[in-house]
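Model the placement of chain B on the given structure of chain A, informed by the hints.
So the sequences go chain by chain: A and B.
Oh and the first sequence: position 216 is 216 in this note's numbering, straight run, nothing missing.
Oh and the second sequence: position 81 is 81 in this note's numbering, straight run, nothing missing.
Keep in mind that the hints were calculated from the coordinates and are not lab data.
Some clues are possibly wrong.
[As the list claims (entries may be wrong)] Pairs of lysine to aspartate or glutamate, EDC-like flavour, derived with a Cα cap of 16 Å:
1) A/Lys316 with B/Asp170
2) B/Lys174 with A/Glu19
3) A/Lys163 with B/Asp137
4) A/Lys162 with B/Glu171
5) A/Lys252 with B/Asp211
[As the list claims (entries may be wrong)] Now the in silico label distances, taken between C-beta atoms and shown as ranges:
6) B/Gly180 with A/Arg322: 32 to 40 Å
7) B/Lys163 with A/Asp88: 53 to 61 Å
8) B/Glu168 with A/Gln279: 42 to 50 Å
9) A/Asp271 with B/Phe143: 54 to 62 Å
The beta-carbon is built from N, C-alpha and C at its ideal position, and this holds for glycine as well.
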Amino acid sequence: MSGKTLYDKLWEDHVVYTEDDGSSLIYIDRHLLHEVTSPQAFEGLRLAGRKPWRQSRNLAVADHNVPTTEREKGIIDPVSRLQVETLDKNCAEYGITEFTMTDARQGIVHVIGPEQGATLPGMTVVCGDSHTSTHGASGALAFGIGTSEVEHVLATQCLVQKKAKNLLIQLNGQTRIGVTAKDIVLAIIGKIGTAGGNGYTIEFAGAAIRSLSMEGRMTVCNMAIEAGARAGLIAVDDVTIDYYRGRPYAPKGSDWFMAERLWQRLHSDDDAVFDKVVQIDAAAIKPQVTWGTSPELVVAVDETVPDPASEADAVKRQSMIRALEYMGLNAGQAITDIVVDKVFIGSCTNSRIEDLRAAAVVAKGKKLADNIKLALVVPGSGLVKKQAESEGLDKIFLDAGFEWREPGCSMCLAMNADRLDEGERCASTSNRNFEGRQGYGGRTHLVSPAMAAAAAIAGHFVDVSLIGEGC
Amino acid sequence: MRAFTTLTALVAPLDRANVDTDAIIPKQFLKSIRRAGFGPYLFDEWRYLDRGEPDMDCVQRPVNPDFVLNKPQYKGAEILLARENFGCGSSREHAPWALEDFGFRAIIAPSFADIFYNNCFKNGLLPIPLASAIVDDLFGELFDGYCLTIDLANQKIITAKGKELSFEVDENRKYRLLNGLDDIALSLQYADKIRYYETERAKRAPWLFAD
Numbered sequence: 001m002s003g004k005t006l007y008d009k010l011w012e013d014h015v016v017y018t019e020d021d022g023s024s025l026i027y028i029d030r031h032l033l034h035e036v037t038s039p040q041a042f043e044g045l046r047l048a049g050r051k052p053w054r055q056s057r058n059l060a061v062a063d064h065n066v067p068t069t070e071r072e073k074g075i076i077d078p079v080s081r082l083q084v085e086t087l088d089k090n091c092a093e094y095g096i097t098e099f100t101m102t103d104a105r106q107g108i109v110h111v112i113g114p115e116q117g118a119t120l121p122g123m124t125v126v127c128g129d130s131h132t133s134t135h136g137a138s139g140a141l142a143f144g145i146g147t148s149e150v151e152h153v154l155a156t157q158c159l160v161q162k163k164a165k166n167l168l169i170q171l172n173g174q175t176r177i178g179v180t181a182k183d184i185v186l187a188i189i190g191k192i193g194t195a196g197g198n199g200y201t202i203e204f205a206g207a208a209i210r211s212l213s214m215e216g217r218m219t220v221c222n223m224a225i226e227a228g229a230r231a232g233l234i235a236v237d238d239v240t241i242d243y244y245r246g247r248p249y250a251p252k253g254s255d256w257f258m259a260e261r262l263w264q265r266l267h268s269d270d271d272a273v274f275d276k277v278v279q280i281d282a283a284a285i286k287p288q289v290t291w292g293t294s295p296e297l298v299v300a301v302d303e304t305v306p307d308p309a310s311e312a313d314a315v316k317r318q319s320m321i322r323a324l325e326y327m328g329l330n331a332g333q334a335i336t337d338i339v340v341d342k343v344f345i346g347s348c349t350n351s352r353i354e355d356l357r358a359a360a361v362v363a364k365g366k367k368l369a370d371n372i373k374l375a376l377v378v379p380g381s382g383l384v385k386k387q388a389e390s391e392g393l394d395k396i397f398l399d400a401g402f403e404w405r406e407p408g409c410s411m412c413l414a415m416n417a418d419r420l421d422e423g424e425r426c427a428s429t430s431n432r433n434f435e436g437r438q439g440y441g442g443r444t445h446l447v448s449p450a451m452a453a454a455a456a457i458a459g460h461f462v463d464v465s466l467i468g469e470g471c
Numbered sequence: 001m002r003a004f005t006t007l008t009a010l011v012a013p014l015d016r017a018n019v020d021t022d023a024i025i026p027k028q029f030l031k032s033i034r035r036a037g038f039g040p041y042l043f044d045e046w047r048y049l050d051r052g053e054p055d056m057d058c059v060q061r062p063v064n065p066d067f068v069l070n071k072p073q074y075k076g077a078e079i080l081l082a083r084e085n086f087g088c089g090s091s092r093e094h095a096p097w098a099l100e101d102f103g104f105r106a107i108i109a110p111s112f113a114d115i116f117y118n119n120c121f122k123n124g125l126l127p128i129p130l131a132s133a134i135v136d137d138l139f140g141e142l143f144d145g146y147c148l149t150i151d152l153a154n155q156k157i158i159t160a161k162g163k164e165l166s167f168e169v170d171e172n173r174k175y176r177l178l179n180g181l182d183d184i185a186l187s188l189q190y191a192d193k194i195r196y197y198e199t200e201r202a203k204r205a206p207w208l209f210a211d
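In isolation and in its complexed conformation, chain A is listed as follows (with noise of 0.2 Å):
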């Protein structure tokens, strides 16, 4: 018999019960709520008269609708702050941690459930955000809920669920300098499609990937999701010990060094046989710029924007030209010709202090080109604000004329009052450039926080591998 995948051995370690068709109850160790998918689930289990199966295994925090400036002034949209008031009158209620707005520990979801040690190797990870993803970077099953399935961790724990496929993204080799976990991934999707993962869990190994720290493997899991998968896993080293050791929320004493041993079986075994591998040469990837309106329309830097006439197959070439017609683009025009007019370097993808550092060496010294209209830097959580400003990040950022900010998701999604104007061009260091998604009617390129910094600086985008080392 072949040897088991990371999948595979997360997946039985967490079966409760499996029916005849093969669908099984799945045990849930980390359920995380924020305030956009958690009302209607709450107010679910209020009608039927259920109490959360465990407490304990959820945490609670607001992060999709909260303002990044001035938050001692509380939320002015009332719409966005009644949501986040009932996310804290749900929490009081149902006796669920809550990091509130004013809690130092306060920040984007995915950023916080790591960083506080919340969410771990080996566990089962869910959170009604797709982007929950992310936490497989520390060898956790995790993948996005809907609502319904929000109420129904709460009600039970678990979830019924039926075993994905497994997928291999071998990345060979090393990257190039500049090349970042974002070029990386924005790369695999390239490659595989938005619809390349799915019905698999995607494993990304390889040298490339072994090479990452935890912040960078964070932001390739974040994406997988991009990939089409559910969830995207790396296998646990110890990179991924190190990272955990003496987090809050971590096992201490003698409970660490069980959950250590515990965790190193958490990889692929040698003979572990998967449904499909890519093969990708991490060498080859450069810098890449999203230009269109799904992640997978996007190159590398040095290269133009692709001709539709050239797609071969008519719905794929339809998108094409909706895309270049969305975005304002021509075919054949070099992508370091796009001139921008907003920066955002933020998100669950990129928002760690390892982005806001790689940012940062970029703009150390340097002012935003005339043409910048607003350059957001937007910590992903109260801590990592609080790291970065210890190491001056802060005044880097403020010199050259970017803005600041309080944690939150902020204009990846324009819930709260950060977003583009119609019409607007941003190099974005979030996760999706769908229409609309960073404001009505504006456009998003995706990039890397270094790539994104470089675009503030030169007012268009540029190639960071050619501004030297260190980026």
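Below, chain B alone, put in the same frame as chain A:
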């Protein structure tokens, strides 16, 4: 949840690949703490010429006459014919809520994004994946007033020309949808098994159950 058994209904075509959940229901409407009332804002940015905001009276808004759901021949459509990777993007259940509230009961496409697909079944909405070539044929044979019959129990679609197409759906989901069953009540039947699992797991990973 409303049960789904058989349906004979008008088909509306949405001829675009990768229709994402931001397009199905833009984020400003996600601020609602209610579950109903999203139908008027379905495909808001494509459907109207102005910018939609929560609590707007949509009857007064300028509609985009070119958008398929605004065409009179598709009024009352309950089946949406779509292209690959329908529902990609976020996990927002507001997307199936909006489709269902608008009046759709079934969506046919070559493929669906996983989370969206899953969310549909929780809301009495049946997503049907069919081979790309078959979806192409359906797009090709549409005419004004084109209806399909969907028989979930027998996993069959009967076209306007009388042709039968079979489709896949997993047994468990089919059973729950046919009977409109509450998932939570069904899972709670296994409460003893959940407790047993917790006891056993606590031996291996006590830090998870320290409370």
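How the hints compare with the structure:
no.	hint	result
1	A/Lys316 with B/Asp170	violated (30 Å)
2	B/Lys174 with A/Glu19	holds (14 Å)
3	A/Lys163 with B/Asp137	violated (32 Å)
4	A/Lys162 with B/Glu171	holds (11 Å)
5	A/Lys252 with B/Asp211	holds (14 Å)
6	B/Gly180 with A/Arg322: 32 to 40 Å	holds (38 Å)
7	B/Lys163 with A/Asp88: 53 to 61 Å	holds (55 Å)
8	B/Glu168 with A/Gln279: 42 to 50 Å	violated (30 Å)
9	A/Asp271 with B/Phe143: 54 to 62 Å	holds (56 Å)
Against the hints set out earlier in the document, violations occur for numbers 1, 3, 8.
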